[in-house]
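Undergrad: The chain contents come next:
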Amino acid sequence: MSIHEVRIHGRGGQGAVTAAELLAVAAFQEGFWVQAFPAFGAERTGAPVAAFARISRERIKLRSQVYTPDVVLVLDDTLLHAVDVMSGLKPGGVVIVNTTGTPRDLPLSGDALLYSVPASEIAEAFLGKPIPNTAILGAYAAITGKVKLESIVEAVKRRFPGKAGELNRQAVEEAYRRASELEGYRLPPRATDEAPAPVRPGPALVLTEALVGSPATSLAYPTAGWRTLVPVFDAGKCTGCMLCMVYCPDGVVSQVGPREFVADLDFCKGCGVCAAVCPSDAIVMVRETHRQRTAAR
Amino acid sequence: MWTVLEGSVAIAEAVRRCRPRVISAYPITPQTHIVEHLARLAADGELDAEVVNVESEHSAASVVLGAVATGVRAYTATSSQGLLLMAEVLYNIAGLRLPVVLTCANRAVSSPINIWNDHQDAMAVRDSGWIQLFAEDNQEAVDLHIQAYRIAELTRLPVMVNVDGFVLTHAYEPVDLPDQEEVDAFLPPFEPKVRLDPDHPLTLGMLAEPHVYMEARYALNEAVLGSKEVILQVQREFQERFGRSSGGLISVDAPEDAEIVFVAMGSVLGTIREAAESLRHRGIRAGVLKVTCFRPFPGEAIASALRGTPRFIVLEKALSMGSGGILANEMRAAFYERDRRAEIISVIAGLGGRDVTVAQIEEVAQAVLQGERGPVFLGLDQRLLAREGTS
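Residue numbers (our numbering), protein chains in the order written: chain D, 27 to 323; chain W, 142 to 532.
Source of the hints: derived by calculation from the structure; they are not laboratory data.
There's no promise every hint is true.
A short list of chain W residues far from chain D (calculated; beta carbon distances all over 10 Å) [to be verified]:
1. Glu-154
2. Pro-330
3. Glu-350
4. Arg-377
5. Ile-391
6. Ser-392
7. Tyr-477
8. Pro-516
9. Val-517
Label-pair distances were calculated between CB atoms; the ranges are [said to hold, decoys possible]:
10. Asp-276(D) x Glu-187(W): 34 to 40 Å
11. Ala-73(D) x Arg-448(W): 48 to 54 Å
12. Val-303(D) x Asp-320(W): 41 to 47 Å
13. Pro-214(D) x Arg-524(W): 31 to 37 Å
14. Arg-181(W) x Gly-191(D): 18 to 24 Å
15. Arg-184(D) x Gly-424(W): 45 to 51 Å
Cβ atoms here follow ideal geometry from the backbone N, Cα and C, with glycine treated the same way.
Hey, can you work out the whole structure from these sequences and the hints?
TA: Printed below as a string of structure tokens:
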């Protein structure tokens with residue numbers, strides 16, 4: 027059976043699972059059999075996540091995970107340093123990356139055509155929020171031709187009724203329009219002597235008795251890489267109530283003055299809880315570029 | 142109406158159409174989305190049910206026990222440790238002959254803690270007196286829930302619908318959701334034989350002394366065994382009304398002269414069907430025997446199926462520690478009782494969400510045809526075991 031497989035990489039909160047769902051709904055409207063599912067596990071805002079979609083002319087029975095996708099969508103270019111997004115991609119496959127960068131500057135190689143689409147920028151312009159998942163589907167439709175633009179729009183409008191659907195439609199169409207003008211960038215071949223992905227450092231296993239791990243704290247695991255937004259504190263509006271400190275799920279907010287707070291940017295995941303609980307709107311979440319992040323550390 | 146839905150939502154929509162009046166559950170991954178959806182429907186006034194928040198699965202099971210005892214339809218759902226915590230109450234529900242319907246979003250059990258899919262949770266309560274059905278895909282998950290209430294109320298036995306956690310509960314795929322009117326016509330209002338009613342007092346769950354306890358348990362066993370006929374009857378009624386075959390005890394998809402047949406339960410059957418098809422393309426006469434109903438165990442149906450097949454590979458996502466594959470051993474017993482000889486090879490696979498692929502299943506078939514007799518633990522990391530001195 028011939029099954030078209032798509033893998034979507036994102037960070038928790040960017041809507042990777044919803045993108046897979048919308049793609050399935052769109053293809054189903056065109057008479058395909060479909061299946062969409064997340065990489066199973068706990069989802070946390072900012073953590074790398076993946077979702078999958080299968081599209082076929084025949085009913086899909088297969089239940090194993092997707093290992094050799096035809097198309098890879100990357101919702102966040104910071105993932106290119108954290109995840110092997112090319113893993114298993116079929117030879118001659120397609121990679122679509124949400125980035126403002128140019129294809130030749132992205133750290134990717136392999137037998138594939140690369141397209142870069144500023145989906146977050148488009149989303150920001152139309153939705154006021156950098157949620158790239160619907161826009162990138164517009165690009166997918168333009169580049170692969172697997173589903174029609176109208177089907178994506180229909181799926182999006184059904185999923186987000188009312189104004190949100192209308193704004194998402196505009197974002198999808200803009201991404202479609204821009205992607206239609208793109209030519210795929212043929213990636214340089216992957217060096218054959220490239221080291222294979224390192225084995226995941228697991229806990230020190232003792233299978234013969236019980237699974238025992240070596241003692242560790244989360245200090246060994248800087249989670250700043252999960253972040254796409256960063257909190258900015260306005261001391262002028264701050265009342266010093268300390269709710270941001272209390273509510274931060276990672277305990278990274280600390281008080282440095284009577285009305286002055288900072289977040290530890292090695293660990294802040296950019297979840298936005300501090301901004302949500304701040305009663306005086308003294309915290310805003312701002313999109314952080316890769317360069318800013320590097321400078322911050 | 143055909144729509145692409147998340148498995149959990151499809152199940153919740155099926156349950157909604159069965160009109161439960163009391164819903165109680167405690168959140169546990171991967172069951173949570175089902176009950177969240179039902180709670181939302183109830184809060185929005187789209188489902189006339191009382192949603193009872195509780196502090197544990199033990200209490201959730203107790204709430205639905207009490208609700209059904211008063212004569213209303215009830216629903217609960219859980220997974221893994223949640224099902225284990227319910228265990229005491231599950232035995233009570235069966236012994237009290239209360240037609241509760243429960244969804245088990247199947248998940249591994251601790252320890253080590255693991256949130257992913259296998260069947261060890263359901264297998265742990267297999268002796269409780271519940272009917273246990275396993276869904277292969279989300280369409281069947283929908284259909285089995287509608288059938289479950291009918292079966293439960295006809296047999297006065299509780300029914301557990303097993304749906305693979307994440308693999309089905311979190312997968313979006315097309316399902317044909319029946320209309321409310323169709324479900325109403327299939328599933329008449331619940332009319333219990335006995336109910337707790339302050340105006341007509343009676344005692345349920347009384348002490349059974351040694352002179353009567355054994356008869357009560359014998360009667361429960363007879364009822365569970367006898368439910369096979371009802372399960373088949375409800376399957377037929379369902380097919381007549383909804384036009385598709387789902388449910389029942391087993392189903393066979395194999396060539397008449399199959400040389401090797403896979404036996405399994407749940408969503409892994411889909412991948413197995415792909416593997417069997419691929420093997421047939423390569424000249425190996427492979428087939429699939431699906432066990433939809435694990436309790437009551439359809440020993441007669443399994444042992445009399447595919448009489449010419451010399452070997453069966455029983456692939457299951459559970460094992461009895463210190464014994465082995467549970468489905469495989471029950472199948473061996475069923476064959477032995479009926480004087481049937483065949484090789485039954487036990488394959489333990491997919492524990493704790495370990496993926497099962499078409500290639501792996503084909504390899505097992507090849508190995509068995511070359512004399513491998515198992516038991517096989519599919520995809521064990523031998524390097525890890527060697528490093529840890531376990532092999």
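Undergrad: Now tell me, hint by hint, if it's right for this structure.
TA: Quick rundown of the hints versus the structure:
1. Glu-154: 16 Å, holds
2. Pro-330: 34 Å, holds
3. Glu-350: 43 Å, holds
4. Arg-377: 24 Å, holds
5. Ile-391: 18 Å, holds
6. Ser-392: Holds, because the least Cβ-Cβ distance between Ser-392(W) and chain D comes to about 14 Å, which exceeds 10 Å.
7. Tyr-477: Given a closest Cβ separation of 32 Å, the condition holds.
8. Pro-516: 18 Å, holds
9. Val-517: Holds, because the least Cβ-Cβ distance between Val-517(W) and chain D comes to about 18 Å, which exceeds 10 Å.
10. Asp-276(D) x Glu-187(W): 34 to 40 Å: 38 Å, holds
11. Ala-73(D) x Arg-448(W): 48 to 54 Å: 53 Å, holds
12. Val-303(D) x Asp-320(W): 41 to 47 Å: Taking Cβ atoms as reference, Val-303(D) and Asp-320(W) lie about 45 Å apart, which means the hint holds.
13. Pro-214(D) x Arg-524(W): 31 to 37 Å: Cβ of Pro-214(D) to Cβ of Arg-524(W): about 33 Å, so the range 31 to 37 Å holds.
14. Arg-181(W) x Gly-191(D): 18 to 24 Å: 20 Å, holds
15. Arg-184(D) x Gly-424(W): 45 to 51 Å: 46 Å, holds
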